[in-house]
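Student: Each chain is listed here by its residues.
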Amino acid sequence: MQNTQDSKLHTQARRIRKDELAARNYRLAASFPLFLLLIMVVGFFLRTQPLLEHSSVWEILSGMQWRPSAGEFGLLTFISGTLSVTLLALLLAAPLCMLTSLFLVEYAKRRALTAILPAIDLLAGIPSVVYGVWGLLVIVPLVPQISSFVQPWLGSIPLFAANNPTGYSILSGGIVLAVMISPIIISVSIEVLRSVPDGLRHGSLALGATRWQTIKKVVLPRAMPGLIAAIVMGLSRAFGETLAVMMVVGNTPLIPRSIFDPGYPLTALIANNYGEMMSIPLYDSALMGAALLLLVIVIIFNLGAALVLIRANRRAQV
Amino acid sequence: METQIKIRDLNVYYNKVHALKDINLDLPRGQITVIVGPSGCGKSTLLKTLNRFHDLADDTQVTGHVELDGVDLYAPDVEVTEVRTKVGLIAQRPFPLPMSIFENVAYGMRIHKLARGKELRDKVKHYLEVAGLWDEVKGRLNTPARDLSIGQQQRLCLARGLAVEPEVILGDEPTSSLDPISAKFIEERLEELKKDYTVVLVSHVLRQARHLADYLVFMYLGEVVEAGPAEQVLNAPKNDRTRAYLQGEFY
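Chain order of the listed sequences is A and B. The numbering used here numbers the first residue of the first sequence as 1 and each following residue consecutively. The numbering used here numbers the first residue of the second sequence as 1001 and each following residue consecutively.
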């Protein structure tokens, strides 16, 4: 009797020990991605050091001149290239994506939604070089036509001035990028809208509200944090997209003044130059600095998205 | 008894499932009608035909007529929003809208432009009083409605439904998600409300049906088996199935 009880206790203790061991291991495994991120940041930072000894952070961030042979590594033109292409893509994509997902969830028949969702996922899976080729063949030739079409009305506004006869422009990059980030914005928005309980919609509709009133007053306020998070997710995707943008944006290191001007995003800078002219001192270091900057931008926006999502979840628990 | 809702040859199909079969009913004005029957017999389906909630589903078909004071709710020139203003619904579970307590009640009056300014505030107070919630929330009208307890939320939903001035109030088992005290409270409200409104309830609680019903409808497998004044159906059911159900032989 005594014996069996002992062995029982023994197995109990073993079970618990195993559990503790597993918890420890999983914690280790779960922290691995965080560790990777840390390694990347530290690695980039260390390799940026030589440049930072040569010129200050402010000089690099606000410098307009990119002349590696002269030892000038101003990143401002590239930062402005990244920001303008991304912003333009977002302005083009966000309203369309919101309307698309609202239509699919609130108005369309369920069959339409199930038919269109796979198509959206497919769009997300197309290699970016394909989008780039499509941009080259379709969008780049189209942009000069758009430009000459809007000149009579908007030509006097600097933002729409036509100083660049080619189609390689911020606008081309923005359009291609908008198409590329749309699938993720749409599919996340659809999930967010579908998570709004039908009971809320019915509560409003039962009072004689129209669908649009219900969307405006009930669905959107409830879904707003999630929709913002969807857009921010598209945004961080847009920051990092390289190849397709590089193929259509012109890659001229100037600060773009008009959407028809060419630009030169950070990603394109790194992709175009890494591995070349490494004999120039500090060149490698400057490109690492650009990578670090990009990483920091993306981290900041993702953290923002995470915070918004946490708030959205807290709200969802009515 | 004066008929307010007249249902004629009503059929409802979900996809190919024949959910309601040739329903003919006359529901009395200013009384509480309770629809009872086992699960899946079509009680809620019948209720949803009265405020055209089946319009929201893609694959549901409704044929036949539902007349409210002689007007066919399914006539092509009748606006569905108009129908739902006249026929309010209290759902099984309360879903307060994502706004303050005050705005929840004001919501319907705002979208129908029924009142504004001081009049709106007075009406919000009035309907919260009718729903028996005013004293509990008067100090925190601007706090989110989701902070209320579930029983309070259901009374809030009652107040917001009354605020658009309906003629008929539908209740789809409005007390089934509530604790017994909150449920009793809602029942008391409904009993008072029949002075001014026609009430149609779906219930699976026989005790509630016995307690509240002036007019009783017993449904089984998508058909109305028996309907009549509650006294008569409860005490002297004509149909064997009704008798068996009332005696608790099946649910």
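Treat each hint with caution, since some may be false.
[Claimed, not checked] Listed next, the in silico DSSO-like pairs over lysine-lysine satisfying Cα-Cα at most 30 Å (straight line):
1. B:Lys1021 / A:Lys217
2. A:Lys217 / B:Lys1016
3. A:Lys217 / B:Lys1238
4. B:Lys1238 / A:Lys216
5. A:Lys217 / B:Lys1006
6. B:Lys1125 / A:Lys217
7. B:Lys1184 / B:Lys1113
8. A:Lys216 / B:Lys1194
[Unchecked claim] Label-pair ranges, simulated between beta-carbon atoms:
9. A:Pro158 / B:Gln1092: 36 to 44 Å
10. B:Ile1181 / A:Ile310: 48 to 56 Å
11. A:Leu38 / B:Gly1117: 53 to 61 Å
12. B:Arg1116 / A:Met224: 42 to 50 Å
What the hints contain is simulated information worked out from the structure, not anything from laboratory work. For each residue, glycine too, the CB sits at the ideal point set by N, CA and C.
Student: Holds or violated: are the alpha carbons of Lys217 of chain A and Lys1238 of chain B at most 30 Å from each other?
Tutor: Judged against 30 Å, a Cα distance of about 49 Å means the pair is violated.
Student: Could you see if the CB distance from Ile1181 of chain B to Ile310 of chain A stays within 48 to 56 Å?
Tutor: violated (36 Å)
Student: Using the C-beta atoms of Pro158 of chain A and Gln1092 of chain B, is the stated range 36 to 44 Å upheld?
Tutor: About 59 Å separates the Cβ atoms of Pro158 of chain A and Gln1092 of chain B, which means 36 to 44 Å is violated.
Student: Tell me if the straight-line CA distance from Lys1021 of chain B to Lys217 of chain A falls inside 30 Å.
Tutor: violated (37 Å)
Student: Mind checking the alpha carbons of Lys1238 of chain B and Lys216 of chain A for me, to see if they're no more than 30 Å apart?
Tutor: violated (51 Å)
Student: Hey, Lys1125 of chain B versus Lys217 of chain A, does the alpha-carbon distance stay inside 30 Å?
Tutor: This hinted pair holds, its Cα atoms lying about 22 Å apart.
Student: Given the hinted pair Lys217 of chain A and Lys1016 of chain B, is their Cα-Cα distance within 30 Å?
Tutor: violated (35 Å)
Student: Decide if the proposed pair is consistent with the structure: Lys217 of chain A and Lys1006 of chain B, CA atoms, cutoff 30 Å inclusive.
Tutor: violated (34 Å)
Student: Does the alpha-carbon distance linking Lys216 of chain A and Lys1194 of chain B stay inside the 30 Å limit?
Tutor: Violated: Lys216 of chain A and Lys1194 of chain B sit about 34 Å apart, past 30 Å.
Student: Given the hint that Lys1184 of chain B pairs with Lys1113 of chain B, does the C-alpha gap stay at or below 30 Å?
Tutor: Measuring from Cα to Cα gives roughly 33 Å; hence the hint is violated.
Student: Regarding Leu38 of chain A and Gly1117 of chain B, is the given constraint of 53 to 61 Å on their beta-carbon distance met?
Tutor: holds (58 Å)
Student: Is 42 to 50 Å a correct range for the gap between the Cβ atoms of Arg1116 of chain B and Met224 of chain A?
Tutor: 26 Å Cβ-Cβ, so the 42 to 50 Å window is violated.
The structure does not agree with the numbered hints 1, 2, 3, 4, 5, 7, 8, 9, 10, 12 stated previously, though it agrees with the rest.
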